Amino acid sequence: MSFVLPALWLFEGGRLISLTAPDVSIIVLYFAMVLGIGLYLRKFSSTSDDFFMAGRDMTAWVAGLSFLSANLGALELMGWAAAAYQYGILATHFYWIAAFPSMVFLGLVMMPFYYISKTHSVPGYLQLRYGESTRALSGISFAFMTVLMSGINMYAMALVMKVVLGWNIHFSIWVSSLTVAAYVTLGGLYSAIFNEVLQFFLIWLGALTIPILGLIEAGGWNGLVARIHERVQGDYTHLWGPLGSFSSNPMGVHWTGILFGLGGVIAFGYWTTDFLVVQRAMAAQDLRSAKMAPIIASYFKMIVPLIVILPGLLALAVLPFNLVPESAAGPGLHSYNEVLPLMLARYCGPGLLGLGVTALIAGFMSGMAGNVSAFATVWTYDIYRPYMNRRGTDKHYVRVGRWSTIVGVIASICTWYLVTHFKSIMDYMQALVSFFIAPLFGTVILGMLWKRGTAKGGFWGLLTGTLASIGMYTAVVIHPAWLRYVALSTDAKPMAENLYRALWSWLICVFVTVVVSMFTAPKPAEELQGLVRAYTIIPSDGDLPLHKRPIFWGVGVAVLFAVLQIIFW
Amino acid sequence: MDESLKEIPVQHRHHRMLPVWFFIGVLLLIYGVIILLTSLRNFHQPATVVLANFHAGIWAGIVLILLGGLYTLKFWPRRRH
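Residue numbers (the working numbering), protein chains in the order written: chain U, 1 to 569; chain P, 1 to 81.
I should point out that these hints are in silico values taken from the structure, not numbers from a laboratory.
Bear in mind that the values here come from a model prediction, so they are computed numbers and not experimental data.
Ideal Cβ positions, reconstructed from N, Cα and C, are used throughout, including at glycine.
One or more of the hints may lead you astray.
Said to hold, decoys possible - Taking beta-carbon pairs under 7 angstroms as the criterion, some of the chain U residues facing chain P (in silico):
(1) 22
(2) 24
(3) 197
This is chain U alone, in the form it adopts within the complex:
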């Protein structure tokens, strides 16, 4: 079997490969379809409930696929493929331990509170549970984070355009972003969700060629492992084995960081409180569908490594050159972040290449649409309405939502260049998660499960946790030696530092919330009904057949998780 195929590396004026007419037609058809869906759905989304919550009318499957697709942005696809090249199969922890427990927990434990309280957003829940100040803090930090996350998606997209197509980056960014702005502005969350489900299919079908042909080329899984061992030092093919110390694995992380920092805080924070994804489950047609949405998504999340992690590992095994950090990339040198486009170009001929590129564009659009639709909702409901104009009509708020969608897209475009300062896209994303999401999880989970939590406790806990996280990050930038205090070792790498920083910020948030709550007055019980476990009657699923109960499917994904851990231990 050929190890190197020289003709693949035909650079034409800086691009990796040229698109043919069928490839271009596939991409153009995709743009036409997403815009067509937006135009079609416009007539269904004129009230605020339609525009921001898709009429709370989605089936479990549509909400579930959309829930996952909003997370499967270009950042997720390209960033994790890059991380797999850097860190090996350890990156899979971000799909397994960082997904299944928290997604199932969201479905079974937290979703009932979001759904029964009839809130329209996570900051909205915090307003009901704690009060205005906590809502304002979380709303503003979420809006800020969302715009930055969108910037990452754009950066990932720009790489595709640059590496594969050789297109002008500014042209590509503006065309793709304005397309997202157009269809979300037209059809609101309806349009975002419909397109996310479509994008889910395209992402899978477009990216699946790489693992199939890659495994054939590498000689199956065993051949892949053997080739990696031949080419790189260190254990890149085991999940838990190399995590005994910081220096024994390429990620530079200890198992405690993965288990508690990633699986315990970052994952729970992201999947249960990031409104980008939670909004999709909130749009479900009934409580059972809302509970099932994240559980359905968790099954697909468990197999996403096939199209993301495996290509990164395959690149380690079969690419005839080494990829380098973004800062070292230049003429003839490709960065980690380009691994997925490089693998696409390696295996995909005319037509299939168009589908693969469309998959990456779809990933970009689904991630961006998720961000801007969530941004528009939080901006309109949690910032504009309570603090700028309380007396607007329903139509007025829909108009504000449409404009804030456009503003969110433009703000995202303005921030994308920031990402180029980071070695890996995923390090940047995890840094943001540790700043804003990790402490937020502490505030939300205490709010739902601890009736004694008070308004002041919630606010000061969230504020302190967020500031502590940003403070730790800044301290290590100024004094790199302080890494030993944040990440418990000087051998820790940026990813490991993010995990521990998230863990500390969550602990600080919880500690401060508890201490302040103990010295301040709680809300009366009648104001906490539907918001806190002790005062909420959650409808039972006991009357449903076993196969329709969310708990049944939650147990199923737990079994799948356990089997995968054992196989790749």
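Since chain U is already given, all that's left is putting chain P on it; use the hints.
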């Protein structure tokens, strides 16, 4: 809003919508045809990619046509009313 939709409660409006699966089916079907035809045309002169002899485009085209065709037929608007 479309006047005909105003009187319909929100939770029932989606019954008037084309399902998302229909859009997916149509797009995949068209993609399948494009990729299959392109791959057949290049059958004797495959692109210079790794494992070109496997003709992945033909297999992918067939899968997309089957999947897209199934969704298009199953969720064709006339069949729903």
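Hint check results:
The restraint placing residue 22 of chain U at the interface with chain P holds, with a minimum CB-CB distance near 4 angstroms, inside the 7 angstroms limit. For the restraint placing residue 24 of chain U at the interface with chain P, the shortest Cβ-Cβ distance is roughly 11 angstroms, beyond the 7 angstroms limit, so the hint is violated. The beta carbon of residue 197 of chain U is positioned within 7 angstroms of a beta carbon in chain P (closest approach about 5 angstroms), and the interface hint is therefore held.
In the structure shown, a violation is registered for the earlier hint numbered 2 alone.
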